[in-house]
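Assemble chain B onto chain A, guided by the hints.
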Amino acid sequence: MATELVKTEDFRSDDLRTDDLRTDEMIINMGPQHPATHGVLRLILTLDGEKVKHVEPILGHLHRAQEWQGQNRTWFQYQALIDRVDYLSGMFTSWAMARSCEQLDGITVPPRAEYLRVMVAEMNRISSHLLWLGTYLIDLGAMFGFPFYPFREREKLLDLFEEISGQRMMFNYIRIGGVHRDPKAEWFQKVRKFTEEFPQRVDEYEAIVTENPIFLKRTKGVGILKQSVAKDYGVTGPCIRCSGIPLDLRRTKPYSVYPELKFDVITYDKEGDTWDRYMARILEMRQSNEIIKQCLDMIPAGEIMGKKQMAGMRIKAGEGFAAVESPRGIIGCYVTSTGGEKPFRFRWRNPSFCNLSVLSELLVGSPIADIMAIFGSIDVILPDVDR
Amino acid sequence: MSTEAKPPAQPEAPLEPGKFGQFLKEHGISTNRLPDSCGVETITISADDLHQALKLLRSSQETKLDLLITVSGVDNNDTIDAVYHLWSYYNNDELVLKVMTPKASIPEGKLPEVPSISNFWSAANWHERETYDLAGVRFTGHPYPRRILNPWDWEGHPLRRDYKQPADDLNSKHRVSFR
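Chains as they are written, first to last, in the numbering used here: chain A, 90 to 476; chain B, 5 to 183.
Please note that a few of the clues may not be correct.
Said to hold, decoys possible - Below, a sample of chain A positions facing chain B; criterion: calculated Cβ distance under 7 angstroms:
| id | residue |
| --- | --- |
| 1 | Gly149 |
| 2 | Arg153 |
| 3 | Ser317 |
| 4 | Ile334 |
| 5 | Arg438 |
Hints were generated in silico from the structure; no laboratory data involved.
For each residue, glycine too, the CB sits at the ideal point set by N, CA and C.
If we strip away everything but chain A, and leave its shape as in the complex, we get:
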């Protein structure tokens, strides 16, 4: 039967009606209610066939006026709100605010609080990367149940967070001057148990994902982020480290007790694709696990709070910028205080906002099926973009 089919060589090029075949660019609206955009992002895509020619992200669907809130709430009130800026890594937003206010006020944070901060922050980094891992595989079409493996470990971490801060995601645990509560001895044992079993869990994910042929096909050589482009757009975090710049604030501008801890900064010497960004996050989770282990051994006893927490709390006048290395990059805030009950100006520098701006560069020229593979790999969280 196959011989009866028309062969392709029967068509000569002059049979194709090239003169009359009118092609046109197509404009497609992707989102804002799209299951793979991790929030509410709208992309206006200009397509030439399957290829993306132009992308315009429309932001602001999740805008909650966090900066406006910053200058209209007291320091104490605002402290509780900012976990919502980036709800997957709330510890880091709290920590950035705490650091910026501490350096203005000249508060010395007790060493035990610093160790607790590093511990909960690294646990938060793991939980954030785990969520990214699960949802990224969904973005790539792996709906077969893999996403629930990372969520299993994330659930344990959220339970641990709940035990010390009372909340699973909006912690309000890191406060200006220290941390809110001193965990019990059993909590540390639970964390130790988690750190002992976690590397095997990562091995499990890697066994499923890392060398998976479908995963490799979808991610290898896709979404290569050139170093010059990344620098031009101010990209930070794992994305820039995969493009060959070892910018990790924990190492380059060390803060807290990071100088005393041993860990590797995951950097590649090439211009990374989406698979490299996946691998960097996997390796970062292992490093974070090591950091938590060291903290468990090194944590001293003592005070946990260096400033009295009260509703009328004030910060000395001045201005300053402080940043921490969040799972997505440099999160920082620029605080101006006049010494009053409320901040004068509170400006956030969000890693997702800056990393998302490079998206239009990354997507141009790639097929429409790769949009989510690339968008997922830069690990953007939309509440962090829109604030």
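Showing chain B alone in chain A's frame:
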């Protein structure tokens, strides 16, 4: 004048230019040093010199401030500032650069104007759009000067001191409202 009778707020001589102020001075750009913000050199610069200064600071081998952290708009009570936080990817240098526009010099109903740097530094594109949106600084020469976080037909700039919230069902002071 009565102001001469009492000591002015900043009696000291102008601060010595720091590392970056000196660098810009050598290239013929005059800057004014402000008190350091938490140990980071802070300078003001006139809007006309902004382009050249940022290009120099970004690309010259001595400074290499090639990471634009943020562009923020601050409504100080008598000036409106565009604040640029510059970092470096390769070393620990930091610089805060401010372009201050006195409110008295802004014509009625107009926004303060600062030249846009997004033509040669893509990172500034969205930051400038956001600053325009929230703080009301017009970046002249911006390729796409639209609001980014608020709806495109929003009125006013929410982070201005004189901003009035739109009165709607949620925040009107009528007694049947939720507040």
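Structure-based check of all given hints:
1. Gly149: Hint on Gly149 of chain A: holds, closest Cβ of chain B at ~4 angstroms, below 7 angstroms.
2. Arg153: Since the shortest Cβ distance to chain B is 10 angstroms, the answer is violated.
3. Ser317: 10 angstroms, violated
4. Ile334: 5 angstroms, holds
5. Arg438: Since chain B brings a Cβ to about 4 angstroms from Arg438 of chain A, closer than 7 angstroms, the hint holds.
Of the hints listed earlier, those the structure fails to meet are numbers 2 and 3, in rising order.
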